[in-house]
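Trainee: The whole structure should be built from the sequences, with the hints applied where relevant.
Residue 16 is where the sequence shown starts when you use my numbering, and the numbers rise one by one after that.
To be clear, the hints were calculated from the coordinates, so they are not data collected in a lab.
All values reported here derive from a predicted model rather than from experimental measurement.
Where a beta carbon is used, it is the ideal one built from N, C-alpha and C, also for glycine.
Please note that a few of the clues may not be correct.
[Unchecked claim] Here are the simulated distance ranges between beta carbons: (1) 230 - 186: 39 to 49 Å; (2) 165 - 253: 39 to 49 Å; (3) 270 - 152: 35 to 45 Å; (4) 146 - 81: 21 to 31 Å; (5) 145 - 186: 34 to 44 Å.
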Amino acid sequence: MPKKEKDKEPQEEKPRETTVEFFASLAGVLVTGLFIITFILQAFEIPSSSMEDTLLIGDHLFVNREQFAPPAHWMGRLMPYREVRRDEIAVFLSPEQPGLFLVKRIIGVPGDRIHLRDDVVYRNGQKLEEPFVRHKREEHNPYTDNFPALPPSPMFGVRNEKWAQELPSHIDGEDIIVPPNSYFAMGDNRDVSYDSRFWGFVPRENMIGRPMFIYWSFVTPANQYEMRDMGNRLGFLAHIIIHFFDETRWSRTFSIVH
Numbered sequence: 016m017p018k019k020e021k022d023k024e025p026q027e028e029k030p031r032e033t034t035v036e037f038f039a040s041l042a043g044v045l046v047t048g049l050f051i052i053t054f055i056l057q058a059f060e061i062p063s064s065s066m067e068d069t070l071l072i073g074d075h076l077f078v079n080r081e082q083f084a085p086p087a088h089w090m091g092r093l094m095p096y097r098e099v100r101r102d103e104i105a106v107f108l109s110p111e112q113p114g115l116f117l118v119k120r121i122i123g124v125p126g127d128r129i130h131l132r133d134d135v136v137y138r139n140g141q142k143l144e145e146p147f148v149r150h151k152r153e154e155h156n157p158y159t160d161n162f163p164a165l166p167p168s169p170m171f172g173v174r175n176e177k178w179a180q181e182l183p184s185h186i187d188g189e190d191i192i193v194p195p196n197s198y199f200a201m202g203d204n205r206d207v208s209y210d211s212r213f214w215g216f217v218p219r220e221n222m223i224g225r226p227m228f229i230y231w232s233f234v235t236p237a238n239q240y241e242m243r244d245m246g247n248r249l250g251f252l253a254h255i256i257i258h259f260f261d262e263t264r265w266s267r268t269f270s271i272v273h
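Mentor: Quick look at the structure:
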C-alpha cells in the first residue's frame, strides 16, 4: 500500500494592501517625483535657432538644476555642486527680460579676456577652435563679428541701452573682461544668436542648470514659441498627435548634450 502523503501545511496568505496604504504609497511616489522635478531636474524646450546645430527648435531637454546651485552647507559634499565651466552649455534666466529662460554656451568665466575678430573668438589671447559653431547667413554684422571693437548701436541690433552704456567700462585694449560672478555667453549659431554681445553678462545668480540629454525632439516651426493664443496652441497639439511618429526626430532621442 502506498504511503499516505502528509497533508501539506496551508501557506499563509500575504495581507492585501489596504486603500489607505495604497494612497500613502502613491503619495510618496508623487512627492518624490515632485521633489526631483522641482529641485533636481527641469524640463526645457528649445524655442529658437540660436544653438543650431547643437540644439534644434523642438528639442526637449532635461536640465540638471542642482549642479550650478549654491552649495548647501549641510550636504555640500553629498551633491555634485561645481562652478560653471568654459565652453559648456547652460540654461539661465535672461539678464534683459525677467522670467525668460535662455540656453547658450559659456564662452567666458570671471577674469577672462574676450574679443572676436572676423567672427573668430579669442580668449585670453588664444584663438578658440570651436567645431560646434555654425554660420548660416551670408550677410555679416560688423559689431558682432569684431566685438567689442565697434561701439554698440541700434543699427547693429543693440537695443539694450543699459548695456550700451556699461560696455565701455569693461573694455581693456581690444578685449572685454568678464567681471566677478558673471559669465559671457554666446549661441553656437553665431550669426543669429541674441546673446551677451547684445545684452551683457549673465550674473551667477541667474544660472539655472546644465542640459543633460534630449528626451524628445519634434519638428517645430521657428515661430511656434510666439504663438500665444489658445487656437494656435490647440492646433499645434493636434498636429503633434497626428504626426507624432513621422515628425519625431527619433535619432536625437536620449542623445547627450555637450
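Trainee: Next, verify each hint and record whether it holds.
Mentor: Against the structure, the hints come out as follows:
1. 230 - 186: 39 to 49 Å: holds (41 Å)
2. 165 - 253: 39 to 49 Å: With Cβ atoms ~47 Å apart, the hint holds.
3. 270 - 152: 35 to 45 Å: violated (26 Å)
4. 146 - 81: 21 to 31 Å: holds (29 Å)
5. 145 - 186: 34 to 44 Å: Check failed, 22 Å falls outside 34 to 44 Å.
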